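If you read the protein sequences in the order shown, they are chains A and B. Under our numbering, the first residue of the first sequence carries the number 1, and numbering increases by one thereafter. Under our numbering, the first residue of the second sequence carries the number 1, and numbering increases by one thereafter.
Simulated from the structure, these hints should not be mistaken for laboratory data. The hints are all genuine.
Straight line, CA to CA, 20 Å or less: simulated EDC-like cross-link-like pairs of lysine to aspartate or glutamate: (1) K5(A) to D61(B); (2) K6(A) to D43(B); (3) K6(A) to D38(B); (4) K16(A) to D476(B); (5) K13(A) to E96(B).
Each pair of labels, with its calculated beta carbon distance range: (6) K16(A) to K149(B): 18 to 28 Å; (7) V411(B) to K16(A): 25 to 35 Å; (8) K16(A) to R187(B): 18 to 28 Å.
Keep in mind the model is a prediction, meaning the values are calculated, not measured. Built from N, CA and C at the ideal position, the CB exists for glycine as well.
Here are the chains, one letter per residue:
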Amino acid sequence: MKGAKKAVIAVRKSCKARGTGLSHYILMAKRSK
Amino acid sequence: MRRPAAKVAGGSIRKDETAPSRGRFINTGNGPTLQPIDIGHSDYLALIDPDTAFWSLVQKDQVGSVLSGGPFDRAQGPKLLGAYRRKAAAFGAEMEKLRFGLKPSAVYFNPTERCNLDCRYCYIPSEMRRHGRHMTREQLMEAMARLDKYFDATLPKEMKPQIVFHGAEPLLNREAVFAGIEAYKKRFLFGIQTNATTLDEEALSFLTERGVSLGLSLDAANPAVAQRTRRTWDGKGVFDTVVKAMRRLRGYENWSVICTVTKENLRHLNDLVDFFHAEEVPTCLLNIVRCTLPPAREIKPGDAEAAKYFLAALERSHELYRKTGRKLVVANFANILLAIVAPAARRLMCDISPCGGGRCFFALAPNGDLFPCSEFIGIPRFKGGNLFRDDLGNVLKSEAFRLVTERRIEVIEPCRRCAIRHFCGSPCPAEAHEMNGGMNRTGAFCEFYEEQVRYAFRLIADQQADDYLWDDWDKDLRQSFAMS
Chain A
1 MKGAKKAVIA
11 VRKSCKARGT
21 GLSHYILMAK
31 RSK
Chain B
1 MRRPAAKVAG
11 GSIRKDETAP
21 SRGRFINTGN
31 GPTLQPIDIG
41 HSDYLALIDP
51 DTAFWSLVQK
61 DQVGSVLSGG
71 PFDRAQGPKL
81 LGAYRRKAAA
91 FGAEMEKLRF
101 GLKPSAVYFN
111 PTERCNLDCR
121 YCYIPSEMRR
131 HGRHMTREQL
141 MEAMARLDKY
151 FDATLPKEMK
161 PQIVFHGAEP
171 LLNREAVFAG
181 IEAYKKRFLF
191 GIQTNATTLD
201 EEALSFLTER
211 GVSLGLSLDA
221 ANPAVAQRTR
231 RTWDGKGVFD
241 TVVKAMRRLR
251 GYENWSVICT
261 VTKENLRHLN
271 DLVDFFHAEE
281 VPTCLLNIVR
291 CTLPPAREIK
301 PGDAEAAKYF
311 LAALERSHEL
321 YRKTGRKLVV
331 ANFANILLAI
341 VAPAARRLMC
351 DISPCGGGRC
361 FFALAPNGDL
371 FPCSEFIGIP
381 RFKGGNLFRD
391 DLGNVLKSEA
401 FRLVTERRIE
411 VIEPCRRCAI
421 RHFCGSPCPA
431 EAHEMNGGMN
441 RTGAFCEFYE
451 EQVRYAFRLI
461 ADQQADDYLW
471 DDWDKDLRQS
481 FAMS
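Take these sequences, add in the hints, and give me the full structure.
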C-alpha cells in the first residue's frame, strides 16, 4: 500500500463532553459488542 | 479580516487580542503552534498544536511543502494551516470545556473499608482494609438519597449519574450494596469493581439481571504469577475463584477485567491477553500500577520496559482480532486513541489535565468522608468534607478538592512544554503528591505514556486505529476535521 499513502492525515471527531469519564475503572454499558 | 481566535488553555485571553498578527505563519505571531513530533513511523511525522490537541500526520518528505510551499489557499495560507485556522477556536473551546467546564456525574462509593485480600499495590492503607468498618445499610441508603438529590439538582434530566461500588472489597458488605442497587436502579447506572472472591451464582444473577457493570481483577494467566500481587492475608492466591466468576459471566455484555501492570507480571502480559481473549473477556484494562503508597513503588517497572511489554500486549490483542474477528479491547489504551481522534469522547479521565478527580467524579469513604478520587482515601489532607454533615457543593469547592481540580499541566515541568500533554494529562496527582513531593510534579511514569501516544499515532498512520476501539465508538460523534 506504499503508493496509496496520503500526504496529510488529519481527523477529528467531536461530541458534547459529558464528563462521565471515570479513572481506572470503566463502566461498560453494552459497548463491548 | 480577523481570524477566529483560539482560546489560550485555561484562560480567557484570545490570541488575536494580544498582537496585530493575522497568524498566517506557524509558530510566529498569532499563527498556530504546530510542534513536529517523531512518532517512530517510517513515513509520517506528527504536527501537533498542544493547546487545542489538534494533530496532523504529514509524510516526512512533504512537511516543508505542506507547511509553506504546498497547496496554497490565498486567503488563509497553506491549505492545512488554513483549514486548521478555521477550526482552531472551536477546538480550543472543546478542550476548555473538557478541562474546566464539566460537572461531577460519577461517584466511587466505598461501602466498606475492609478487604479479604492484601494486594501489594492497594492504595487503601492496610490497617483500614484489615480492621476497618462497614457502612451500615441505613447509612448506605442515606448516602444514596443525598447523592440522588445532589445529582437531580445538578445534572441534565437525560443524564444518569454513575455509582461505582469500589474498595477495599465492596461485596464484603453485599447486603447493603444490593439493597442500594435495588432501591435506586432507576436513578443511577451502577458498577462494581470486585476481586470476585465472593461473586457466587446468587450475586451474579442479582447483578446481571439489573444490568450492573462488573469489573473483576486478575493480574496473570498463570496462578503463581497472579499470586505475586493479589493474595489473601495469609498469602494464598485466588486465581481459580476469579476464573470461575469470569466463566459465569461469558455472554454478559457489561463486564471487564482489570490487570494491574507491575514488574511482577510485565513479562507475562501477552499470555494474559491470550487468556482473556480465549475466555471471551470483552474489555480489559492493563493499568500501570499507581505508586501512591510506598509498597506499590517496590513493584514499579521502569518506563521503557513497561512500554515495551505493554505495546507487545496490544500487538497481540490485534493479532488475535485479525485471526478470529473478535476484539479484546484494552480500554485504557483505547482511551488514549479516543483522546487523539475524539478528545471529548474519552471515557476515562486520568489522562487529561486537570484529571477527573473532584470535578468529574469523587470518592466516598464508608464514614461519609469525601475525597477527589479513591487514590486519596487515607491521605487526610485531601478530605474535602463529609457527605452526612456538609453541603456537597461546598465540598467540591473545598481547598482539599481544589488541590486536585486546579492541578493544571501548564505548571508542571516538563509537561508544560510537551506537545502531547492533552493526550497524557500527567497522571496521577496522588502519585505526584505522595511520591514526587508536590502537585506541580509529574506522577510515576512519563515515557510509558509518550510511547503509547506515539504508538497510537502509528496506528492512525497505518489506518488500524479502529481495530483497537469498540465497534460503535464513533456512533454518536460528528466529524469536525478531515483532511487526507
